[in-house]
Amino acid sequence: MGEMDRRTADVTGSEVTSDAELYRQHAPELVRFAAMLVGDDAEDVVASAFARCMSAEGWSEVENHRAYLFRAATNEARTLQRSAASRRLREQRLAADGVVEVGVPRPEVWEAVESLSIRQRAVVYLTYWHDMSDVMVAELLGIGPGSVRRHLARARDKLRKVLHD
Amino acid sequence: MTDPMRDQIRSLIATIVQDASEPIPFEDVQAMTPARRSGRGPLLAAAVFVAVVVVVGVVALLRPPADTGPVVADPTTTTITTDSGPVVESGGLMTGSVRVGEVPAGLILETWEAAFWSGSIVSFGPGADWAGPGLRPQLTVQTRPRIGQPPLDPAQVRDRLQAAHGTVTELTVRGRPGFLVENPERTNGWTVALLVLESAELASEVQAAGLDPTDVVAAAQSLSSVDADIARQDAIDEIGWDLRILAAPDDAETYRQRLLQVDGVEQVTFRTPWFGRDLYFDASSESPPTTTSAGSQTENTVLAFEFVDALVSLEDGTDVETVAVAITELGDNPRVGFSPAIAMSQTLAFLDQLLEGAELVHDDPPIYQPLPAAGPDFDTSALGVDVPLHPATADDDISERIVEAILSPPGVRLVQREEMAGPFFHLGRLDDGSRLFAAFGGTHPEYFVWHHTESGSSTGTGSLAFYGYGVTGASSGPDGTHIFIAVPLNTAVYTYELTGARYQQQPVGGQGVLPIAAHSGIVTAYDQDGNVLGTWQR
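The listed protein sequences derive, respectively, from chains S and A.
Numbers 1 to 165, taken from my numbering, label the letters of the first sequence in order.
Numbers 1001 to 1538, taken from my numbering, label the letters of the second sequence in order.
It is worth saying that the hints were derived from the structure and are not from the lab.
Each residue gets a CB set at the ideal place from its N, CA and C atoms; glycine is no exception.
If a hint is listed, it holds; no wrong ones were tucked in.
With the C-beta cut set under 8 Å, the calculated list includes, among others, these residues of chain A facing chain S: (1) 1005; (2) 1006; (3) 1009; (4) 1010; (5) 1012; (6) 1013; (7) 1017; (8) 1024; (9) 1026; (10) 1028; (11) 1266; (12) 1267; (13) 1315; (14) 1316.
Assemble the whole structure, with the sequences as input and the hints as a guide.
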């Protein structure tokens, strides 16, 4: 067991789970979740999120690791998207000077999802794929049920246009 | 009820997740993991909240320099302290109360400077429309989290204050070390401050001692909407928001709902004025003090302020500046700040604009002269005395002495070379020989300006133009006082007015400097055709 593979008390305090076990337990579903958020960068997002969590001071005190990891992955995805947007902007600027070629075509299905914000994607995935209620989604993502309903409504509005085109 | 889109959306998700790759092996994730941060473990493990919070209460009484001697603050009536309260599940407020001898009713939130990782400074005042009489009251509360850190050594605090301000008198306030600081050299007039090193349990201690709260002078309570997990979750707290809003609305929840109606706003969460990771408390440790609405005055002259500290997440792709402006236009005099990531992004974009067409006027270190915005195409003769900013050229006389002053600015620590996000900029030279330079960098993106003459240097700081316009800073030195001004980048000319005098200047890079011994005034920016871009009063 590596140094970072610490044993962690679970919510009842009666069992312990190592980081490696937590990763094996949650990484597959997190990667599927992240695929909805960022596509091909999913495994990197999950790895980064998990690495960040393990280095966080309060990690050993976290009671609901699954929720913690889902939130961390969502935020990691948002960060990735922001940096990707900045990179695209710079590349477009450079491309205008004839330096870099940009504009890789994306599958149509991904374009539909790209019209959603990261948090909207997360809400859509958990609601429709895991059949979670707004309360459950709210608990998992650390936001209010009202926010979940609002995100879902906005996401549905956007998807409706794409799916019906 | 059946959702008609359910199957379509599930099908869409299936298309995506079926191609999802396998997780990266755990061993590789371990290799990515940085060293665990140290220092807060015992606090977190114990899940307790007793914290040593250095609370600095400042009453700054502003007035023009006069020969009547310094204002003397009475420690029994001017102490301002804050306390901290429980983490709760619903949105909360930070509430500050203060009793000051002669403070008019109706003080409003005026300024907020967030040093994100090291505390916040919140100032209340009578607002821009205030016309006296007497001294203009201003109340500034500065807070610094000290959780997990050793208590400050009062002797060291005293020495630092002495070095910075000159006159420091040691006091004992409610059994705690305090310092009366007098600094008549401040450019905004006499400043008297009372600093008290407080603990986090002030409110309960007051209660336990059976003291009359109105005699305690001040108490504050902060509530947070975050739960304990999130409060100590660095990964989320540091990157999960885009804008930080501080405002003093009549009703916090109504204000939050109005924020949510702004186009592009995705989520609004009330927070403590410090990051939750640094400050969270036991729900039973304190009880909220009685408060009144913002700016109101009670019979016993205790003024109470409520303000919300909200973190705003934006929908992806939203223009952050547009949202910031829209939130400002909601009213309630909000202060809008960007997250560190966005602020840095804005800084880099601003740098790009300054560098466009800029001339390299010095090689080592590289110093660029940005292009001025297009000058006015209208008659400016009625706009006041012209104070031109002369550009530098490659064969200009930016002497090694000036360069040395840039690299080792005197008095005030400006940006360190290794922290800089870009090159130095020479924005202009005034007829009095002083020069305006700028650099970007620091822990958080800031815009440093200072002026320099062959006979001496003095320093000052201004704000990035997109953070706010108008008078953004002042400096003093052996050559007198200069003020710094920020205006929109497309400003062709701006005017500055103070007590009947009026000056005009063509800014460079959205910045201007005037050899005026003041820190306030009215700034009006005009575009090339003479249209008013904005007016700002400080």
